[in-house]
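Asker: First residue of the sequence shown? That's -4 in our numbering, and the numbers climb one at a time after it.
None of these hints come from the bench; they were simulated from the model.
Honestly, I wouldn't trust all of these hints.
What the hints assert, rightly or not - Straight-line C-alpha distance at most 35 Å; calculated DSBU-like pairs for lysine-lysine: (1) K220 with K140; (2) K220 with K267; (3) K220 with K0.
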Amino acid sequence: MSFPKRPLAFVLSATNHGTMIVNRNDQRMVDENRGYGVGYQLFNTSCFDENEVGFVLGLLNCRRQHFGDGVVAIDGGANIGVHTVEWARHMYGWGRVIAFEAQEVIFYALAGNVVLNNCLNARVRHAALGQCSGELLVPQPDYFKASSFGSLEMRQRSNSEFIGQAISYHPNACVAIPMVNLDALDLDRLDLLKLDVEGMEQEVLLGGQGLLVQHRPILVIETIKSDRNILMAFVEALGYRVFDIGINMLAVHETDPALNQLTLVGNVLNLKV
């Protein structure tokens, strides 16, 4: 019996984050020598956003130091799970991760990476985060074509990023998936919230305002596709102080002792743990 010849998209890769399922097409080349994407970084450097990962691990340590074991972190827009795996492995015995990924095929890799690395203190959900609970129509890229899949926007904008292939947002070309708002999770504790949701950051914060007021988690929010000033005004009104960390905005509540462990040297934010 012979099987039909077919292309391979997802492969097992030995990375600095552990063995991971990665799409070998996950790259958007800017020119012959430069590109971006989770897969692009992993295949070229063995790691993904190493400095950011290390910084967030330090933030989790701070929450444990000041608030004790039982730390809870949400990875919103988890992609294949580099942050999810790193956080869960780091917090073995004292914390857990809840990860959300809207792209079904990417979610399969995320779930596989959690199991491959025995990060059983992580729970992953095939769902989008949004302002309210319901459904979201998600476009379907071709995962056999080179593209930065993590850059795919769930909602079309007038200036939507070209990820390496044309994307159809016609309802007939999309698939409905669950959409969840943070307040509906009804968590007893939340220490850290990371949002990398390609322009939906404001919607997610609006849908989690009750959770933010109740638990005052540390926030790490990507701002390249959202209005940073609007996001900053929203969290500052809730009592947060805001710092720039690359393409992300770090927000720490004014009552959080971790605030005293942050120092700004020039334009570099350092964390003393």
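Asker: Please work out if K220 and K267 have their alpha carbons no farther apart than 35 Å.
Answerer: With Cα atoms ~30 Å apart, K220 and K267 stay inside 35 Å; holds.
Asker: Mind checking the alpha carbons of K220 and K140 for me, to see if they're no more than 35 Å apart?
Answerer: Distance of about 23 Å is within 35 Å: holds.
Asker: Is it true that the CA of K220 sits at most 35 Å from the CA of K0?
Answerer: 39 Å, violated
Taken one by one, the earlier hints fail for this structure only at number 3.
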